[in-house]
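Listed here are the chains, written in short residue letters.
Number of protein chains: 2
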Amino acid sequence: MNPEPTELAAALARFDQLWSPRIVTTVNDYDVRIAKVAGEHVWHAHDHTDEFFLVLDGELRIALRDGTDGAEREVVLPRGAVFVVPRGVEHRPSAPDGASILMFEPSGTSSVGERHDEVPGHVDATTGHRL
Amino acid sequence: MNPEPTELAAALARFDQLWSPRIVTTVNDYDVRIAKVAGEHVWHAHDHTDEFFLVLDGELRIALRDGTDGAEREVVLPRGAVFVVPRGVEHRPSAPDGASILMFEPSGTSSVGERHDEVPGHVDATTGHRL
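For the record, the sequence lines run as chains A and B. If you count by our numbering, then the first sequence holds residues 1 to 131, one letter each, in order. If you count by our numbering, then the second sequence holds residues 1001 to 1131, one letter each, in order.
Some clues are possibly wrong.
[Stated by the list, open to error] Where chain B lies over chain A, by a calculated footprint (3+ residues, C-beta under 8 angstroms): (1) 3-14; (2) 77-83; (3) 88-95; (4) 98-106; (5) 110-122.
Treat the hints as calculated values from the structure; they're not laboratory data. Since the model is a prediction, treat every value here as computed from it, not as a measurement. C-beta atoms are modelled at their ideal positions from N, C-alpha and C, and glycine is treated no differently.
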């Protein structure tokens, strides 16, 4: 826990890697993570936790298989929008034009969940890196 | 949990009361709350949880008694800055020129903690209201 405030814009300027979350701070046993994203992540699900998204810059899309019989839909988050993916729901974030996002989830949560499609090379399967 | 994204600017436009947090969404057993603030809150402490702040607009100040023998200091959070007040630390948020903030904390957490000075009339002692 940092004894001084962290400016998110400065924190984002400290790394370039896409789909590779950095842990900005912790709240009890939860992480606050930030990531730069562009293109598509991978279909995955977190079986034991909800996952919170806040868009800091750009536009994030999240495809969800939460319909009857797993029917797909997509939600669109402009800058300043928040959304929670409920535990167990298969989802795939994407950002055709790039985005910066903030996430809130229990420490140790994998970026690709417990169930996922084959992880492509551009996606970092991680529990978050130090900033 | 809302099945659609929530734009924080629109959510903030739905209420005017100061120091009266609204619950935007939940993440497991945590709330994501937003509040409009101006002037001073009250000195208080949360004995059982850390408290996360993100400044959405304006500037937030947080006075802290976290020094040796409870010595006071103040941190200043511009727009886009985050800070975590560790559990047990007496603190008093303020915003001389007004601010909008987002908080993460366990559902049921009181806005004035377990220990607090006398709560002034302009501060809402609440576990958060529905948006």
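Evaluation of the provided hints:
1. 3-14: holds (count 7)
2. 77-83: holds (count 6)
3. 88-95: violated (count 0)
4. 98-106: holds (count 4)
5. 110-122: violated (count 0)
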